Amino acid sequence: MCRWGGPSFYPIIAPEVLHGQSRPGAGWGSSNEEQRARRAIYIFVKRSLVLPLMANFDFADVDSSCPVRFTTTQPTQSLSLLNSDFTNRQAGIFADFLRKQSPDNLSNQIQHALSQVTQRRVTEEEINRGVQLVDQLIEMGVSERDALKYFCLVSYNLNEFLYID
Numbered sequence: 000m001c002r003w004g005g006p007s008f009y010p011i012i013a014p015e016v017l018h019g020q021s022r023p024g025a026g027w028g029s030s031n032e033e034q035r036a037r038r039a040i041y042i043f044v045k046r047s048l049v050l051p052l053m054a055n056f057d058f059a060d061v062d063s064s065c066p067v068r069f070t071t072t073q074p075t076q077s078l079s080l081l082n083s084d085f086t087n088r089q090a091g092i093f094a095d096f097l098r099k100q101s102p103d104n105l106s107n108q109i110q111h112a113l114s115q116v117t118q119r120r121v122t123e124e125e126i127n128r129g130v131q132l133v134d135q136l137i138e139m140g141v142s143e144r145d146a147l148k149y150f151c152l153v154s155y156n157l158n159e160f161l162y163i164d
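Take the sequence shown: its position 68, counting from 1, is numbered 67 in numbering that gives the first Met the number 0, and each next residue is one higher.
Note that these hints are calculated values from the structure, not bench results.
A portion of the hints provided could be inaccurate.
Label-pair distances were calculated between CB atoms; the ranges are [unchecked claim]:
1. 9 x 102: 32 to 38 Å
2. 125 x 14: 35 to 41 Å
3. 82 x 142: 16 to 22 Å
4. 104 x 6: 20 to 26 Å
The structure displayed is predicted, hence computed values, not measured ones.
Virtual Cβ for every residue (Gly too), placed ideally from N, Cα, C.
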């Protein structure tokens, strides 16, 4: 369910980021999972505490105004999507959802994931490559749950997910 308006929410921030403040943790609240399940426009903004993930993606400078914001594409954006706690947590949630939708059917899970992420009909080749990736991860000793989570994480880094044509 999508909630419009209302108060801001506090995203989860790594302790080392909070400890970098002049008064560590002061002025930063907490929000439960339901409150955090909102669009980024509702994130609580504190001028002295910029969220690392948002900073990588051209988040507005809270100390000055400008008529135009620049759009950049750089390698650190992809690295932050692959390594951030937020995207890894979301990939795990997505993988759990896929397992509930199609238990014991990896091909259907891959097909559902790609169609959700890309918003188009996926090809058999794409499904087969996804299944192959998950199978390779499992052969390397990764659990089935984590292998699907990593596939979801890779899906979040597809150009079709990140950019609008």
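Against the structure shown, which of the earlier numbered hints fail to hold, in ascending order? Result: hint 4 breaks, nothing else.
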